[in-house]
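Peer 1: Keeping their order, the protein sequence lines are chains A and B.
Counting from 1, one number per residue, gives the positions in the first sequence under the working numbering.
Counting from 1, one number per residue, gives the positions in the second sequence under the working numbering.
A couple of the hints might just be wrong.
As the list claims (entries may be wrong) - Result set (EDC-like, lysine to aspartate or glutamate): computed pairs, CA atoms no more than 16 Å apart in a straight line: (1) A:Lys164 / B:Asp66; (2) B:Lys221 / A:Asp39; (3) B:Lys123 / A:Asp16; (4) A:Lys153 / A:Glu143.
Stated by the list, open to error - So these bits of chain A aren't anywhere near chain B, every CB distance computed over 10 Å: (5) Pro27; (6) Gln48; (7) Ser74; (8) Glu113; (9) Lys126; (10) Cys127; (11) Leu166.
Hints in this document: simulated from the structure, not taken from any laboratory.
Don't be surprised by glycine CBs; every beta carbon is placed ideally from N, CA and C.
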Amino acid sequence: MTIEKRLDPDERMDKDSFEKLFREYFPPLISFARKILVDEDDAREVVQKVFVSLWEKREEIDLSTSLKSYLFTSVHNRSLNVIRDRKKFSFEELPDKAGDWDVSAQIESMELEEKINGVLQALPEKCRQIFELNRFDGLKYSEIAAQLEISIKTVENQMSKALKILREKLLKYMTLLLWLVMQTLN
Amino acid sequence: MSMSEEKQHSDFNNLVTRHLSGELTPGEERHFQEMLRQDPKKQSRVDEYRKIWDSAGSVADRRSYDLDSEWDLMKEKLPGIETRNASSRSLLFYSYRIAAALVVGLLFAFAWIYATRVAGTEKVVAENEPVEVLLEDGTLVMLNRYSRIRYKKKFSESERNVYLAGEAWFDVSGDPSRPFKIDAGSAMVEVLGTSFNVNAYKENAAVEITVESGVVALTAKLDQQEQIVLRAGNSGTYNKNNKELKLIPSSNPNKISWKTRELYFDSSSLEEVTELVNRIYNTNLVIVNQELASCPITVTFRDQTLEAVLNVLELTLDLEITRSGDEIRLDGPGCED
């Protein structure tokens with residue numbers, strides 16, 4: 001079901017394929033690191049270090065595991081190191097969110113987010129715009145209505161239309177979704 | 001599916017959507033929760049929707065990155081990826097620097113600062129105390145508490161860009177060929193050479209700029225067409241909620257007290273005074289007798305110690321000042337008016 005990307009040992013990773021990889025994985029990786037570290041700059045640094053080490057080891061890295069889980073696992077480990085260092089340098093108690101991150105669940109969330117992103121792009125323009133104003137920019141229905149000069153009822157309808165389409169298109173993923181929901185409930 | 005079933009379905013979808021976006025009235029929300037309790041099937045449908053809803057939120061988070069500039073930052077750190085940058089290898093080594101511990105006044109306020117140097121990108125974080133930063137072009141930045149900036153160690157030839165979270169005062173060195181740009185989250189500030197203050201703490205509803213000298217342009221990031229031009233003495237705000245840029249002709253001099261340590265009071269109430277002193281000196285002054293709160297005070301403090309400030313207040317209003325823990329308690333009979 002998941003598209004596993006493996007580094008082909010015969011195919012030497014060049015700059016272009018590395019850049020493509022970076023562009024694809026940077027957003028989900030930094031968003032994962034931010035969940036653990038909160039601080040955006042720290043998160044960026046962790047992700048950059050992971051890519052540096054991938055670049056340096058591009059010929060010797062163990063390719064038996066998938067690249068995706070390699071990247072997420074590295075980000076996870078390095079983030080935990082940062083938390084450990086922070087504790088050393090801080091006199092205050094720091095919140096400990098380090099322990100409870102399931103890397104494979106993160107990978108699956110990421111795949112789900114990719115799907116959602118795809119479905120969003122394919123929504124009718126108005127519908128997408130309204131959904132994004134609400135969900136991404138945090139605007140209230142009344143604010144969206146005022147901004148687009150439409151009725152609140154229209155905003156409501158477009159919002160539930162967007163969510164309905166998202167659900168329908170993601171039906172294939174529903175088993176996974178249910179599994180994830182169970183995970184969060186446990 | 002019959003017409004009425006279909007209607008029911010779409011009503012339910014509508015309800016769930018409004019529930020997720022927090023648009024149900026408290027009454028509707030109670031009914032909705034009651035309905036879910038009675039119908040586990042609906043509950044699991046709502047769980048599905050919530051998962052989609054949450055994941056869609058993360059999509060927003062991801063789109064907020066500018067991949068071109070992220071890739072530029074990344075490239076600098078990859079040894080051998082570009083031949084023209086032969087020195088990049090040595091930049092790979094990171095050095096952490098921990099500077100520490102300042103004591104201010106009688107309080108044990110301590111600050112820790114760390115600056116991380118990563119391949120040309122510098123980051124400075126001010127924790128409990130303001131921190132002064134000198135940039136490569138001679139620009140002086142005073143970073144207020146709980147704030148941070150990020151910038152290239154060497155600015156480019158056409159622009160000087162810094163990213164600010166929190167509050168800082170800037171004295172930008174003049175260089176008309178390289179505009180100085182501050183990315184303050186929702187607002188952009190652009191200048192040629194001047195000194196001014198940017199208050200862009202995340203929790204504030206507005207980003208606020210106070211200009212001491214020179215000319216500053218303030219732009220909303222969402223709509224870069226509109227901009228306001230601020231001159232010495234002006235303040236300008238960008239309200240994140242209603243997306244409005246506003247020019248305030250005369251700025252309150254106490255906006256930059258945190259940096260100048262100059263506090264101006266003109267018939268200000270003791271309550272206002274204690275608020276500002278608490279902010280600037282990171283103290284916890286508490287007015288015990290509420291009759292004191294409205295007592296007027298006219299005084300200017302220029303870089304005074306906390307002790308001196310307290311002395312003046314004590315004498316002016318006949319206060320009795322006691323300390324317990326980090327609290328400094330102001331008590332007294334009140335003022336006749």
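Peer 1: None of the hints should be skipped; say for each whether it holds.
Peer 2: Status of the hints after comparison with the structure:
1. A C-alpha spacing of about 30 Å is found between Lys164 of chain A and Asp66 of chain B, which places the hinted pair above 16 Å, so the restraint is violated.
2. As the CA atoms of Lys221 of chain B and Asp39 of chain A are separated by approximately 22 Å, the hinted pair breaks the 16 Å bound.
3. Note on Lys123 of chain B and Asp16 of chain A: the hinted pairing is violated, with a Cα-Cα distance of about 29 Å set against a maximum of 16 Å.
4. Simply put, Lys153 of chain A and Glu143 of chain A have alpha-carbon atoms about 12 Å apart, close enough for the 16 Å limit, and the pair holds.
5. The non-interface label for Pro27 of chain A is inconsistent with chain B: the shortest C-beta to C-beta separation is roughly 4 Å, within 10 Å.
6. Not every CB of chain B is more than 10 Å from the CB of Gln48 of chain A (nearest about 6 Å), against its label as outside the interface.
7. The beta carbon of Ser74 of chain A sits about 15 Å from the closest Cβ of chain B, which is more than 10 Å, so the claim that it is off the interface holds.
8. The claim that Glu113 of chain A lies off the interface is violated: its Cβ sits roughly 5 Å from the closest Cβ of chain B, which falls inside the 10 Å cut-off.
9. The claim that Lys126 of chain A is not at the interface with chain B holds, since no C-beta of that chain comes within 10 Å of its own (minimum 16 Å).
10. Every CB of chain B lies more than 10 Å from the CB of Cys127 of chain A, the least distance being 12 Å, so the non-interface label holds.
11. The claim that Leu166 of chain A is not at the interface with chain B is violated, since a C-beta of that chain comes within 10 Å of its own (minimum 5 Å).
Going down the numbered hints, you'll see the structure goes against 1, 2, 3, 5, 6, 8 and 11, while the others check out.
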